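**Student:** Sequence:
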Amino acid sequence: MAGRGPAPKQPGRRARANKDPVPLRVIHAEPVAQPELPDSYEWPARTQAWWRMWAESPLSREFTQTDWDFLLDTAVLHAQFWSGDTKVAPELRLRVAKFGATPEDRARLRITFAQADEAEDRRPAQPSARERRGGLKALPEAK
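Per numbering that gives the first Met the number 0, numbering of the sequence shown is gapless, rising by one per residue and ending at 142.
The hints are simulated quantities; they were obtained by calculation from the structure and are not laboratory data. Predicted, not measured: the structure shown is a model, and the values here were computed from it. Here a beta-carbon is modelled for each residue, glycine too, at the ideal position from N, C-alpha and C. All the pointers check out, no bait thrown in.
In silico lysine-lysine, DSS-like type, Cα no more than 30 Å apart, as pairs:
#1 Lys8 x Lys97
#2 Lys97 x Lys18
#3 Lys97 x Lys86
#4 Lys18 x Lys8
Simulated restraints on C-beta separations:
#5 Pro57 x Pro37: 23 to 33 Å
#6 Pro57 x Pro10: 15 to 25 Å
#7 Leu138 x Arg109: 46 to 56 Å
#8 Gln64 x Ser39: 15 to 25 Å
#9 Leu93 x Ala137: 54 to 64 Å
#10 Val25 x Gln64: 17 to 27 Å
#11 Ala141 x Pro7: 46 to 56 Å
#12 Thr85 x Ile110: 20 to 30 Å
#13 Arg13 x Ala124: 18 to 28 Å
Work out the full structure: start from the sequences and follow the hints.
**Tutor:** Structure representation (structure tokens):
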């Protein structure tokens, strides 16, 4: 896949601390509820289940109207795919990736679920190599 590449490193692990050339622009946007699938279209059962899955996803809690509109257009492609039109598969894959549908997509978008962070915090600390091996001392050479 051209243009994808590996996921970016965490800022603390980078060798250089260059600042981003363009500062992040922060805007206030209100999340909106998921719209219903329009009745004017015959939606396959698989697409209806896919749409419900997005409603229940923690990723969608912050979706704005434009996000839902884009995802609704994507639902049309999803319906075409599940109705047998496999030519839409590449576009469907690209559109769904923009929303962080797979672990790879979320890594690329720098999205992590809070449960992963909490599990990491609960994991017992690993002892250092020095603590595991105790006070090792060099032995005198045998003659």
